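Asker: Residue strings, one per chain:
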Amino acid sequence: MAKWGRRAEDQEWFIRLNRTEVWQHNIIWVTFLLLVLTGMMSLIPTTWVTGMFGNYTATVYRWRRFLHFFFAFWLFVGCVWHICYLAFSETGRQVFKDILLKPIDLIQMKENVLYMLGMRSHPPKFERYDYKEKLEYLFGAIGTTVIFITGTIMTLAPLFPKFIVEVAATFHLMEATLASFAISIWHFYAVHLKPGKFPQDTSWIDGKMTMHHLKEEHPAYYERVIKEREAQKRTTKEEPKFVLRDRVENMTSESDKPETGNNIDRKKERYREEDDL
Amino acid sequence: MEVIMVQSDKRWIISIDFWISLFIIGLILLLWPVPGETADQENCQLCHRYSGLAAFTPETGSKKIFYVNEAIYRNTVHGNVQCTHCHKDVKEVPHKPTKKVNCGEKCHVKEPSTEKDFSHKPIVDKFKKSSHGQSKLFQYKDGQPKCKYCHQNPRYQPLRGILAKHSEDEKESLTRCLGCHEKDEWTKRFLQHFVSRTSPRWGNREIVDLCNTCHANEEMMSKFMLDTTAKFKETFHWRNVKYDMENGAHCLSCHAPKSLDYDAHEILKSSDPNSSTSLTRRIKTCGQSGCHTAPTSSFVKGSLHGTELKVSLLNTKLEEMEGKLSDEEEEDLTAKLKYEKTERLKRRIIWAIKLFYKFMILIVPGIMFTHQMLDLRITLKERKERRH
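Taken in sequence, the protein lines are chains A and B. Heads up: the first sequence runs through residues 14 to 290, numbered per our numbering. Heads up: the second sequence runs through residues 106 to 493, numbered per our numbering.
Derived from the structure by calculation, the hints contain no laboratory data. Computed from a predicted structure; not experimentally measured. Treat the hints loosely; a few may be bogus.
Unchecked claim - Pulled a few chain B residues facing chain A out of the computed Cβ check, cut under 10 Å:
# : residue
1 : Lys347
2 : Gly392
3 : Gln393
4 : Tyr444
5 : Ile455
6 : Tyr462
7 : Lys463
8 : Lys486
9 : Glu490
Unchecked claim - When the alpha-carbon atoms are kept at most 25 Å apart in a straight line, the in silico DSS-like pairs for lysine-lysine are as follows:
#  : chain 1 : residue 1 : chain 2 : residue 2
10 : A       : Lys207    : B       : Lys489
11 : B       : Lys374    : A       : Lys207
12 : B       : Lys211    : B       : Lys168
13 : B       : Lys231    : A       : Lys228
14 : B       : Lys338    : B       : Lys231
15 : B       : Lys231    : A       : Lys123
For glycine and all other residues, C-beta sits at the position ideal for the given N, C-alpha and C.
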């Protein structure tokens, strides 16, 4: 898996997402997925649904409607929680500052594309969030706002002019379709299919990322973290809070042992497996 | 051997007589009008049973088939009505060409609640007052819908709706009825009639398709200065109908809502103040059965399934009638045109939003996919280099 490796940085874990962020992410992705499923059901030809559910088709569609509202409510709760977190907590405010799209991101985007095309020797040094994550977050926020506003208009349709309801319905359907495509291509690759991440980046579960991955994907931020850690060490002589040592401790007991032939073979095998992935 | 031969000849002679008698009796039985329960008491099937019985009128190019399948007819809703009850001008056999059937005439079936002769006259009278029935509106012969446009003397179907939980129900119900009502044929027909009327004859989707056969036809609607309903299948109402949702609104849900005591035979133009789709009554119509709870007056305004056809029709009419119209008529037509143009603008805005998103759905995921493929390529390359 992504968090096991041969380098020293692989044995140190960095808290990429704190517990609040992990829960917010989980609420949002679960409800998003279920909203897409219950929403897109209305686009499937009826004959398919009738073929699957027979006489229960009407009941299935009734439940689809109810569940769509239910998950929309929980997505709303997740989003409100996230907005409050960004507004009222120190770490949240820092996240907001770091994730805002800045001119440097556009420059880095250009540099990275050139690098991927082989027209540049090295990739740009990304900070805490790279342009890919920032764009996804930005468009996610815009899309969710559009979906919420239009969904509310559709739910309270009789209170609005018919034209507004029709415009809202059009936006809702089209924005949802666009978002589904975008997430399934952009995010799914970044956290599941990318070599080194397959089958999944487990930070969505525990919020942790290896220092190696941090160094590889966000080198500018890695350098800042290391510098801050050194400074923190010098002043407080304590372990910095943002790096977990528990996994390191677990592993040092094994790594301290003299390397026998069996141990070396096992390690080699593990590295090979990781590379294959 | 001889004895046997003689006996054999005798048998042969007897059997000739026997078969001739049988043939004559059979012929008499076959041609004899059978009184009683059959629908064909007048023996119309003598000629109309032949599937080739048809007429072709070269002047009009019309083809008419006069074949009647008795087995099918007997099982239809009119199965116990005699032919001459509707084809009243048939007095002799062979008969002359008959007039078209008038569904408003009385037939000899007794209406059980009044014991009077049954007739569709009340419905026909209602229909004549409706938009579909006002002949003055129909300057084109093929435009005016007749009863048969919608009602095709359907066959009774097996149990449906509330009584159709199990296939055995029909048999069980019939057995229960036959406990008191002795005549099998009558009882079965009564049960079939009763059951078929407990649920609507047409499914919601069938109603939309039926109305669309005329109303989605641009050429036909243009003759009546009407917009087509082709866009209805792009609305949320249609989606609910398509998915068999209980409150899915089909054509009659708004144009003849049953819950507001309107009848499908009484559909009026929306400009008529008594119409369920008139501006004054739309709030009630849209709010019926909890469809749209307490709709506002702005919500019910506008066209639901309009197309661009009406604007072009009104434009043409204004051009053609220029100088021939009175001030009032011209003002009325101009107001209508203005309204239709506003509706057209609204439709175009929605169309533009859809077009924008279709473009985005094509471009954005395309760019994303290309980016991620480039990333995959460079990541694999980096890993390969690192390994060496």
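Asker: The structure should be examined with respect to each hint, and the outcome stated for every one.
Answerer: Now the hints, each set against the structure:
1. Lys347: Check passed: Cβ of B:Lys347 comes within 5 Å of chain A, closer than 10 Å.
2. Gly392: Holds - the Cβ of B:Gly392 comes within 10 Å of chain A, reaching about 7 Å at its closest.
3. Gln393: Constraint on B:Gln393 not satisfied, violated at 12 Å.
4. Tyr444: violated, 13 Å
5. Ile455: Status holds, d = 5 Å.
6. Tyr462: holds, 3 Å
7. Lys463: holds, 8 Å
8. Lys486: holds, 9 Å
9. Glu490: Since the shortest Cβ distance to chain A is 12 Å, the answer is violated.
10. A:Lys207 / B:Lys489: Distance ~14 Å between A:Lys207 and B:Lys489 Cα, so the pair holds.
11. B:Lys374 / A:Lys207: This hinted pair is violated, its Cα atoms lying about 62 Å apart.
12. B:Lys211 / B:Lys168: violated, 29 Å
13. B:Lys231 / A:Lys228: violated, 82 Å
14. B:Lys338 / B:Lys231: Violated, because 29 Å separates the two Cα atoms, which is more than 25 Å.
15. B:Lys231 / A:Lys123: Violated: B:Lys231 and A:Lys123 sit about 73 Å apart, past 25 Å.
The structure is inconsistent with the numbered hints 3, 4, 9, 11, 12, 13, 14 and 15, although it conforms to all the rest.
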